[in-house]
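Going line by line, the protein sequences match chains A and B. Under our numbering, think of the first position of the first sequence as 475, with each following residue one higher. Under our numbering, think of the first position of the second sequence as 475, with each following residue one higher.
Check the hints yourself; a few may be wrong.
Said to hold, decoys possible - List of simulated lysine to any residue pairs, SDA-like, C-alpha gap at most 20 Å:
hint : chain 1 : residue 1 : chain 2 : residue 2
1    : A       : Lys554    : B       : Val768
2    : A       : Lys554    : B       : Arg562
3    : B       : Lys554    : A       : Ile610
4    : A       : Lys554    : B       : Thr570
5    : B       : Lys554    : A       : Thr570
6    : B       : Lys554    : A       : Arg766
7    : A       : Lys554    : B       : Val561
8    : B       : Lys554    : A       : Val571
9    : B       : Lys554    : A       : Gly566
10   : A       : Lys554    : B       : Thr725
11   : A       : Lys554    : B       : Phe762
12   : A       : Lys554    : B       : Asp765
13   : A       : Lys554    : B       : Glu763
14   : A       : Lys554    : B       : Asp568
15   : A       : Lys554    : B       : Lys554
16   : B       : Lys554    : A       : Ile769
17   : B       : Lys554    : A       : Thr725
18   : B       : Lys554    : A       : Asn933
19   : B       : Lys554    : A       : Ser564
20   : B       : Lys554    : A       : Ala516
21   : A       : Lys554    : B       : Ile563
What the hints assert, rightly or not - Looking from chain B toward chain A, a few residues come up when the C-beta cut is under 7 Å (computed):
hint : residue
22   : Leu483
23   : Ile484
24   : Arg485
25   : Thr509
26   : Asn511
27   : Asp512
28   : Thr570
29   : Leu654
30   : Ala744
31   : Leu871
32   : Asp872
In case anyone wonders, no lab produced these hints; they're calculated from the structure. For glycine and all other residues, C-beta sits at the position ideal for the given N, C-alpha and C.
Chain by chain, the residues run as shown.
There are 2 protein chains.
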Amino acid sequence: MTGTPGATLIRSDPATVDLAARFTASAAAGDSTVTPNDQVEAWLAGRQQAGDVRVTRIPFADLVGWRFRPDGDLVHDSGKFFSVTGVRISSGRDRTVAWSQPIINQPEIGLLGMVAREFGGVLHFLVQAKMEPGNINTVQLAPTVQATRSNYTGVHRGRGITHLEYFTGPRAGRILVDALQSEQGAWFLNKRNRNIVVEVDEDVPDHEDFRWLTLGQIQGLLRRDDMVNMNIRSILATVPFAVPEDPTGPTPAGPWRESLLRSVAGTEGALHTTRTVLSRLTAAKARFELDRHVIGLDEVAGWHRTADEIAHDEGRFFTVIATDTTAASREVRRWTQPLVAPRARGISAFLVKPIDGVAHLLVRARYEAGLIDVAEFGPTVQCTPDNYPHGSRPRYLDEVLAAPPERVLYDTVQSEEGSRFYRAQSRYLVVAAPDDFPVEVPEDFTWVTLHQATELLQNSYYFAIQARTLLAGLQSTW
Amino acid sequence: MTGTPGATLIRSDPATVDLAARFTASAAAGDSTVTPNDQVEAWLAGRQQAGDVRVTRIPFADLVGWRFRPDGDLVHDSGKFFSVTGVRISSGRDRTVAWSQPIINQPEIGLLGMVAREFGGVLHFLVQAKMEPGNINTVQLAPTVQATRSNYTGVHRGRGITHLEYFTGPRAGRILVDALQSEQGAWFLNKRNRNIVVEVDEDVPDHEDFRWLTLGQIQGLLRRDDMVNMNIRSILATVPFAVPEDPTGPTPAGPWRESLLRSVAGTEGALHTTRTVLSRLTAAKARFELDRHVIGLDEVAGWHRTADEIAHDEGRFFTVIATDTTAASREVRRWTQPLVAPRARGISAFLVKPIDGVAHLLVRARYEAGLIDVAEFGPTVQCTPDNYPHGSRPRYLDEVLAAPPERVLYDTVQSEEGSRFYRAQSRYLVVAAPDDFPVEVPEDFTWVTLHQATELLQNSYYFAIQARTLLAGLQSTW
Chain A
475 MTGTPGATLI RSDPATVDLA ARFTASAAAG DSTVTPNDQV EAWLAGRQQA
525 GDVRVTRIPF ADLVGWRFRP DGDLVHDSGK FFSVTGVRIS SGRDRTVAWS
575 QPIINQPEIG LLGMVAREFG GVLHFLVQAK MEPGNINTVQ LAPTVQATRS
625 NYTGVHRGRG ITHLEYFTGP RAGRILVDAL QSEQGAWFLN KRNRNIVVEV
675 DEDVPDHEDF RWLTLGQIQG LLRRDDMVNM NIRSILATVP FAVPEDPTGP
725 TPAGPWRESL LRSVAGTEGA LHTTRTVLSR LTAAKARFEL DRHVIGLDEV
775 AGWHRTADEI AHDEGRFFTV IATDTTAASR EVRRWTQPLV APRARGISAF
825 LVKPIDGVAH LLVRARYEAG LIDVAEFGPT VQCTPDNYPH GSRPRYLDEV
875 LAAPPERVLY DTVQSEEGSR FYRAQSRYLV VAAPDDFPVE VPEDFTWVTL
925 HQATELLQNS YYFAIQARTL LAGLQSTW
Chain B
475 MTGTPGATLI RSDPATVDLA ARFTASAAAG DSTVTPNDQV EAWLAGRQQA
525 GDVRVTRIPF ADLVGWRFRP DGDLVHDSGK FFSVTGVRIS SGRDRTVAWS
575 QPIINQPEIG LLGMVAREFG GVLHFLVQAK MEPGNINTVQ LAPTVQATRS
625 NYTGVHRGRG ITHLEYFTGP RAGRILVDAL QSEQGAWFLN KRNRNIVVEV
675 DEDVPDHEDF RWLTLGQIQG LLRRDDMVNM NIRSILATVP FAVPEDPTGP
725 TPAGPWRESL LRSVAGTEGA LHTTRTVLSR LTAAKARFEL DRHVIGLDEV
775 AGWHRTADEI AHDEGRFFTV IATDTTAASR EVRRWTQPLV APRARGISAF
825 LVKPIDGVAH LLVRARYEAG LIDVAEFGPT VQCTPDNYPH GSRPRYLDEV
875 LAAPPERVLY DTVQSEEGSR FYRAQSRYLV VAAPDDFPVE VPEDFTWVTL
925 HQATELLQNS YYFAIQARTL LAGLQSTW
């Protein structure tokens, strides 16, 4: 019992301490000689052309390998990939909030992996030009690997997943970031992915679908519409950052940028301790009292099925459709599959407020039918405005939409996961709250700093995907 | 955008920084004038006598308010409390590990709450003498409040829950500790509880079922068999501790105690960063590839139902039985309910090894049918030895059972949740690993310090209940 000479304890892991600084340096590199910015768009356009993708809607009867089970569920013959099933929810002490809905059932752990490597002392990330049938522009930037378990264990009958060996087995790289994170709880039942960044020191074979970009280059693309896919955004949100050395950035020097950087640094503190922030999420989960039952799709009330869609009786929310895709560049060259098609564009927005000179995000604990543990922190506002043509408006939506341009810090349209959602776009906004916006907020809402958000994102299921997209977007602005 | 005068940021919450020191001081108080040790046993015996509890096994047909549904599930007429249903599991890339089993379905968030108050500057905790039908000795020490949602929202038709007002609503105390934690994944489907400690400054009305004890007093009882119920153990495991000022404790001064205290302090570091520890759990979840389907109890293969039990065909694992309880002191005076009765006593054990003079626990990522997210860290060894009469033995079981007495740091028998399990006892051991025990361990295993364990336990679902009982037990030894 006298210890084990030879083992070496880690007091502060140099790689970990250094990690935020290294990501920050990569974010400061807005261009790179490895893949200059002026070549990125040509490359993406070239991949799009080479992919020669055609996506057409088809009737369910033309799906190959998919069928409706007797209970109405839409399933694949292999029992793999995913199915479309039903879920019934009730909530609240008196069970007055209750509904049923179709939902994508894919309760497995997928892999969203980014390979990183230093070039000239700066971390670069191996991104992929990835075609997805649901993308409005077909090809977007994706992580090095994005694979469902069905993909990477071979059920897809597709080609091997390029670069998968850097994430599993003896050739795997050093892990820099690694946590499970959720996807859209309104559309996915218990879906979650391993978000992982690994660093390699060796040469990675060139491939026409892949390029090395700095974080700064990726962030530049993230300030534009529909270029960076949801999976990259999810990974970027989990990356820790330090305060950049460069006194300037996309946001001009001044009190606003200073309050953001203080929020990143964390040294000035926060309105609530992280302990209190977590306790508020825990309290919300208990308060929502969610009951969830998976049911057959035929049991879902208020929805109906036609030859080519599953739809809400009043034309709200989303439809489930079938598509046929022909492509040169994906794992297999032609396939059919169901997709979820939202009826209208959503809005997700953070209100941000400097409190004692430190920027705080207003997060909201929000429950959704498919989240693995009732609720996660989401944006201040998350809704589809078309669902509120008249009557009550979602809390704080008007504050977001009424913001004058000089208070809008981030405003882009981004696509959701194009392998499951058909032309699903959302507008993502980060807006400075009015000066007189109160610090006191209703019980589902909580103020957090960027430092706290990053700290919490080292764990799983605290921040919903919409909040993560907004965090990745906000990171691109300072 | 110039900040909000008046709000005050918290750089280091005095209450939080102070918290570990205050819990530590309470743990150092092995006795108290508020409820002297020599009165505790008499009080418990008195409550047991006053309760006048009789628990008898009955046939399922004599259950009142419970029935078997057409699919074989055992349910309550109200649709509340819990049901006994079936679950089918398959795991591994080739799906070779597969089984089905009965499981208690209670997918709600219960409340395990402890009220704390300072007396003479030392935190005391309001514990309850609680009768549970499954307890081998009927009455054990329980938290101030332990309530399922059905209990505290009134479906139980019982009396109001005493002291519930300190956890919810306007009279709630200051939250010191608050996180969701799992229960036995082999027996419970998605069961989890809010583990919460609140501090109050006001007088709490006296009640014959409740007494104020220091942590040191509770820990003294935890070094004995079957006195402190599972719910207190779960809460205690989440409490942060600092290094005690007292140079002596139950473990004599010397290298072993020093290595434990260094492990608590965290200042000497750890073999792995917490980032790496979490990454190993994430990797295990992905590796296990667990598929889970809830099925009707009649579909469970290899089990059968008689008039008074649901049992495994080969007499292994557990049975589901029915009981009739008569009591004077519970919410209602007489009721019938199903209970899960394990066939044999389980063993849960941690191997502990000083690495560079800092004690490390060997945790194992373990999957169970009912855990909410595939796997959690459990003990080094967790098994029912009777299930291995011959053939392969669970890894490290022999190292635990062969340990000479001077290497056994903690060894008690404790009861599992007596409101769901009938006479379910487990032997809990913490054992110093042999000096030549390797630092290199198989991929499901990871070394963590006590400081890391406590840090992780501020979050949810990292440590299984068996590991938490062991942590609470180990905390009572230094």
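Structure-based check of each hint:
A hinted pair counts as satisfied when its Cα atoms are at most 20 Å apart, and Lys554 of chain A with Val768 of chain B qualifies at roughly 17 Å. Using a Cα cut-off of 20 Å, the hinted pair Lys554 of chain A and Arg562 of chain B holds, with the two alpha carbons roughly 16 Å apart. Our distance criterion of 20 Å between C-alpha atoms is broken by Lys554 of chain B and Ile610 of chain A, whose separation comes to about 46 Å. Of the supplied pair hints, the one linking Lys554 of chain A and Thr570 of chain B holds, its CA atoms being roughly 16 Å apart against a limit of 20 Å.
Restraint check: the Cα-Cα separation between Lys554 of chain B and Thr570 of chain A comes to about 16 Å, which is no more than 20 Å; the hinted pair holds. For the hint linking Lys554 of chain B to Arg766 of chain A, the alpha-carbon distance of about 13 Å falls within 20 Å, and the restraint holds. Between Lys554 of chain A and Val561 of chain B, the direct Cα distance comes to roughly 19 Å. Compliance with the 20 Å bound is thereby established for this hinted pair. About 17 Å separates the Cα atoms of Lys554 of chain B and Val571 of chain A, which keeps this hinted pair within 20 Å; it holds.
Taking the CA atoms of Lys554 of chain B and Gly566 of chain A, the gap is about 14 Å. The hint holds against a cut of 20 Å. For the hint pairing Lys554 of chain A with Thr725 of chain B, the CA-to-CA distance comes to about 54 Å; that exceeds 20 Å, so the pair is violated. Using a Cα cut-off of 20 Å, the hinted pair Lys554 of chain A and Phe762 of chain B holds, with the two alpha carbons roughly 16 Å apart. For the suggested pair Lys554 of chain A and Asp765 of chain B, the alpha carbons sit about 11 Å apart, so the restraint of at most 20 Å is met.
This hinted pair checks out: Lys554 of chain A and Glu763 of chain B have alpha carbons roughly 13 Å apart, not beyond 20 Å. Taking the CA atoms of Lys554 of chain A and Asp568 of chain B, the gap is near 13 Å; set against the 20 Å cutoff, the hint holds. Proximity of Lys554 of chain A to Lys554 of chain B is assessed by CA-CA distance (about 33 Å); at most 20 Å being required, the pair is judged violated. At roughly 18 Å between alpha-carbon atoms, Lys554 of chain B and Ile769 of chain A fall within 20 Å of each other, so this suggested pair holds.
Between Lys554 of chain B and Thr725 of chain A the CA atoms are separated by roughly 54 Å; this puts the pair beyond 20 Å, and the hint is violated. Using a Cα cut-off of 20 Å, the hinted pair Lys554 of chain B and Asn933 of chain A is violated, with the two alpha carbons roughly 32 Å apart. The hinted pair formed by Lys554 of chain B and Ser564 of chain A meets the criterion: a straight-line CA distance of about 13 Å does not exceed 20 Å. In summary, the hint linking Lys554 of chain B to Ala516 of chain A is not supported, as the alpha carbons are separated by about 60 Å, beyond the 20 Å threshold.
Using a Cα cut-off of 20 Å, the hinted pair Lys554 of chain A and Ile563 of chain B holds, with the two alpha carbons roughly 15 Å apart. Hint status for Leu483 of chain B: holds, given a least beta-carbon distance of 4 Å to chain A, under 7 Å. Look at Ile484 of chain B: its Cβ gets to within about 5 Å of chain A, closer than 7 Å, so that hint holds up. Look at Arg485 of chain B: its Cβ gets to within about 4 Å of chain A, closer than 7 Å, so that hint holds up.
Against a cut-off of 7 Å between C-beta atoms, the interface hint on Thr509 of chain B is violated, since the closest Cβ of chain A lies about 29 Å away. At its closest, the beta carbon of Asn511 of chain B sits 31 Å from a beta carbon of chain A; the interface hint therefore is violated under the 7 Å criterion. Violation of the interface hint for Asp512 of chain B is found here, the shortest Cβ-Cβ separation to chain A being roughly 35 Å, above the 7 Å cut-off. Hint status for Thr570 of chain B: violated, given a least beta-carbon distance of 14 Å to chain A, over 7 Å.
Using the Cβ-Cβ criterion of 7 Å, the hint placing Leu654 of chain B at the interface with chain A is satisfied: the shortest such distance is roughly 6 Å. The beta carbon of Ala744 of chain B is positioned within 7 Å of a beta carbon in chain A (closest approach about 6 Å), and the interface hint is therefore held. A distance limit of 7 Å between C-beta atoms decides the matter here; for Leu871 of chain B the minimum to chain A is near 21 Å, and the interface restraint is violated. For Asp872 of chain B, the suggested interface contact is broken, since its CB lies about 20 Å from the closest CB of chain A, more than 7 Å.
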